[in-house]
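Visitor: The residues making up each chain are set out below.
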Amino acid sequence: MAHEHAHDDAHGHDDHAHGPDKGIMRWIKTTNHKDLGTLYLFFSFTMFFIGGLMSLVIRAELFQPGLQFVDPELFNQFTTMHALVMIFGGVMPGFVGLANWMVPMMIGCSDLALPRVNNWGFWLLPFAFTMLLSTFFLPGGAPAGGWTIYPPLVLQTGNSFPILIFAIHLMGISSITGAINIVVTILNMRAPGMTLLKMPLFVWTWLITAYLLIAVMPVLAGAVTMLLTDKYFGTSFFNAAGGGDPVMFEHIFWFFGHPEVYIMILPAFGIISSIIPTFARKPLFGYASMVYAVASIAFLSFIVWAHHMFTVGIPLAGELFFMFSTMLIAVPTGVKVFNWIATMWGGSMTYETPMLFAIAFVFLFSIGGFSGLSLALAPVDFQYHNTYFVVAHFHYVLVPGAVFSIIAAIYYWIPKWTGRMYNETAGKWHFWLSSIFINVTFFPQHFLGLAGMPRRIPDYAVQFTDFNMVSTVGAFGFFVSQFIFIFNVLACCYGWFGRTRNVSNQVWEGATGLEWSVPSPAPYHTFEDQPLVGDDGMPVHGDAVAAAAH
Amino acid sequence: MAAEPESPEQNSDRRTRRYTTAKLLLVVAGMFGFGFALVPMYNALCQLTNLNGKDKGMLVSSNVQEHEDDSREVTVQFLTTVNGGRVWSFAANQAQIKVHPGKLYTVMFTAKNEEDNAVVGQAVPSVVPWSAARHLHKTECFCFTQQPFAANEEKQMPVRFMLDPDLPRDVNMVTLSYTFFDVTQLAQSVSKPKS
Numbered sequence: 001m002a003h004e005h006a007h008d009d010a011h012g013h014d015d016h017a018h019g020p021d022k023g024i025m026r027w028i029k030t031t032n033h034k035d036l037g038t039l040y041l042f043f044s045f046t047m048f049f050i051g052g053l054m055s056l057v058i059r060a061e062l063f064q065p066g067l068q069f070v071d072p073e074l075f076n077q078f079t080t081m082h083a084l085v086m087i088f089g090g091v092m093p094g095f096v097g098l099a100n101w102m103v104p105m106m107i108g109c110s111d112l113a114l115p116r117v118n119n120w121g122f123w124l125l126p127f128a129f130t131m132l133l134s135t136f137f138l139p140g141g142a143p144a145g146g147w148t149i150y151p152p153l154v155l156q157t158g159n160s161f162p163i164l165i166f167a168i169h170l171m172g173i174s175s176i177t178g179a180i181n182i183v184v185t186i187l188n189m190r191a192p193g194m195t196l197l198k199m200p201l202f203v204w205t206w207l208i209t210a211y212l213l214i215a216v217m218p219v220l221a222g223a224v225t226m227l228l229t230d231k232y233f234g235t236s237f238f239n240a241a242g243g244g245d246p247v248m249f250e251h252i253f254w255f256f257g258h259p260e261v262y263i264m265i266l267p268a269f270g271i272i273s274s275i276i277p278t279f280a281r282k283p284l285f286g287y288a289s290m291v292y293a294v295a296s297i298a299f300l301s302f303i304v305w306a307h308h309m310f311t312v313g314i315p316l317a318g319e320l321f322f323m324f325s326t327m328l329i330a331v332p333t334g335v336k337v338f339n340w341i342a343t344m345w346g347g348s349m350t351y352e353t354p355m356l357f358a359i360a361f362v363f364l365f366s367i368g369g370f371s372g373l374s375l376a377l378a379p380v381d382f383q384y385h386n387t388y389f390v391v392a393h394f395h396y397v398l399v400p401g402a403v404f405s406i407i408a409a410i411y412y413w414i415p416k417w418t419g420r421m422y423n424e425t426a427g428k429w430h431f432w433l434s435s436i437f438i439n440v441t442f443f444p445q446h447f448l449g450l451a452g453m454p455r456r457i458p459d460y461a462v463q464f465t466d467f468n469m470v471s472t473v474g475a476f477g478f479f480v481s482q483f484i485f486i487f488n489v490l491a492c493c494y495g496w497f498g499r500t501r502n503v504s505n506q507v508w509e510g511a512t513g514l515e516w517s518v519p520s521p522a523p524y525h526t527f528e529d530q531p532l533v534g535d536d537g538m539p540v541h542g543d544a545v546a547a548a549a550h
Numbered sequence: 551m552a553a554e555p556e557s558p559e560q561n562s563d564r565r566t567r568r569y570t571t572a573k574l575l576l577v578v579a580g581m582f583g584f585g586f587a588l589v590p591m592y593n594a595l596c597q598l599t600n601l602n603g604k605d606k607g608m609l610v611s612s613n614v615q616e617h618e619d620d621s622r623e624v625t626v627q628f629l630t631t632v633n634g635g636r637v638w639s640f641a642a643n644q645a646q647i648k649v650h651p652g653k654l655y656t657v658m659f660t661a662k663n664e665e666d667n668a669v670v671g672q673a674v675p676s677v678v679p680w681s682a683a684r685h686l687h688k689t690e691c692f693c694f695t696q697q698p699f700a701a702n703e704e705k706q707m708p709v710r711f712m713l714d715p716d717l718p719r720d721v722n723m724v725t726l727s728y729t730f731f732d733v734t735q736l737a738q739s740v741s742k743p744k745s
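Just so you know, the sequences run in chain order A and B.
Using the numbering used here, you'd call the opening residue of the first sequence number 1 and step up by one each time.
Using the numbering used here, you'd call the opening residue of the second sequence number 551 and step up by one each time.
Each hint should be verified, as a subset may be incorrect.
Claimed, not checked - Pulled from the structure, derived: some chain B residues nowhere near chain A, Cβ distances all over 10 Å: (1) C596; (2) T689; (3) P708; (4) P715; (5) L717; (6) V733.
Stated by the list, open to error - The calculated label-pair distances, taken between Cβ atoms and stated as ranges, are: (7) B:V678 - A:T195: 54 to 64 Å; (8) B:M658 - A:A451: 42 to 52 Å; (9) A:P283 - B:V678: 54 to 64 Å.
Derived by calculation from the structure, the hints in this document are not laboratory data.
Beta carbons: idealized from backbone N, C-alpha and C, even for Gly.
Can you make the complete structure from the sequences, with help from the hints?
Guide: As structure tokens, this is what we get:
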């Protein structure tokens, strides 16, 4: 991992007192936002790979009815751990890595506000996930009660239970430190002229995401602490025998859980809002409405949680309230989708790999949004609840949604990070194979769910066989396609297509924003002297700066 | 790091950053507390709206005045469940009875400890429909306290209850459900610090 992108070029840094350390200690001790961004992204890749392998075990088992490869207990462990690893290890650190790299470069400051906290926040994660994954080797195995950790089922977990709780606490602390860091940076360290309503959408969405994290991760920490004391210290928060109520856990969990799903999609909205204007060569349509839409989505996310639990027996008035408040979210989300389309309308479009992934995001995320609207209908949800329709829905918003946006972001910004252009042909292959296989994997799951196949079950009735086989083939195809991506990323980092770094500062013809005003690769320290930001969001140079200063 | 003297400007920058950080940490602490505050809020809301079929009157004895309304007849059904399906056999002596609102009735439940060691049980009541919960009053119930059982002991346990005449007119069947929980460990861990 100790490659040194951006630093074996000998020129340009002699005037800086401190460059990166050499060797492994550079990565352990680093407080540099670019190094930590890289670490976060490599960590996220590793977790996507591990979580992906788990999903292949699940899909292999579901290729045919009956039990072939794993026993039901191990199957449940894989479904539970797949979700925890992908959510807390893959998607969230992926977005934090992108924020680390891009937020300071987009608002024109030299680093995040709390660099040492940043280092700590990252290094908690490898420990948290080593602990979590080690539970597979404990007597009783890994947690198997689903990632939603509902009591009383989760309280039957064996030795791995306290480790699960402690790992969730560590992940929570890591997320909270990252979020605080980002808020403090954005609020206090913007370059002169970078007013709030001039910030790139990626910075805006991350600011709001960070507030969501600060608001709900402590609630999750509280909920899992209550689980811990229920199991070991004789409290009865969720124990009906002692006057508690297991349904209350679901309320507390989803009070965290619903904002959490927006934590996993709002930064994606920011990425797509950066990429589409670049390749449409037009400014983003409806910038202010985009900002207000994100803020509305964030607000609504706090008052819709019980749509995850329509079937627990909430009163009719509650079903109606949560149904209509949920459907209301379609309005700001629709504003965003229409704005992206309006940005592309009449633009001089080109279809480089990041743009392809961005367009696929708009289309496929909308499909996930529509199945979400179906699920929001309380009477319909009684039929869909806990079926594969739900699995299809949230994988459509998370894989061609969140994950595609992370992939698009990496293709979009990696020339800036490494100074080398990725291989466009390989990128196109990666895009088309990913887009086809992801639909092959998850589209049939809609039909399985509508036909009544329950989720989290290792075996199924024979009439579901065909669609399951198609889905499994798609999953393996998608997994294998990602090796093209890994190859492309590593090729950029290590210069497998030649050592030359010949990318211009702007990289993309239509790109605007502060990050495109620094050299490619971005030097280890950028914006040590803050630029003055003009109305177009670009630095004002030379005489103009002097003139503005006086 | 290099010890460069800081300008007053940098100093004030650092102070604003610390101030923002401290504010955000307060929010974190507040939200951690809010998670726990949801517990009493949830219970209060449940009692206010009779959510979950739980009412204050379900768990404590209430004083009631009998004033029978024999023009109405309501069926009361009794459901019994043992959590986890072990430890006890537990059933109502009659599956259902017909009652007049405003009159006290006594029904008997039988529970037998099928284990060879002493256990402590706690019954948790629930009423369907929820609109009936606040109109069901109990002067005596085995669910008011924990029930100790000797090894293989069988107990007859009474419930004395009344539906008040304000029961909504559209309710003609009320289901009273009891779930028996094994609280042997819970009872020990609670009583230990006291002794």
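Visitor: Each hint should be assessed against the structure and marked as holding or not.
Guide: Cross-check of the supplied hints:
1. C596: For C596 of chain B, whose nearest Cβ neighbour in chain A is about 8 Å away, the distance does not exceed 10 Å, so it is violated.
2. T689: holds, 21 Å
3. P708: P708 of chain B is indeed farther than 10 Å from all Cβ atoms of chain A, at 21 Å.
4. P715: holds, 24 Å
5. L717: L717 of chain B is indeed farther than 10 Å from all Cβ atoms of chain A, at 18 Å.
6. V733: Violated, since 5 Å does not exceed 10 Å.
7. B:V678 - A:T195: 54 to 64 Å: Given about 58 Å between the Cβ atoms, the range holds.
8. B:M658 - A:A451: 42 to 52 Å: holds, 48 Å
9. A:P283 - B:V678: 54 to 64 Å: holds, 59 Å
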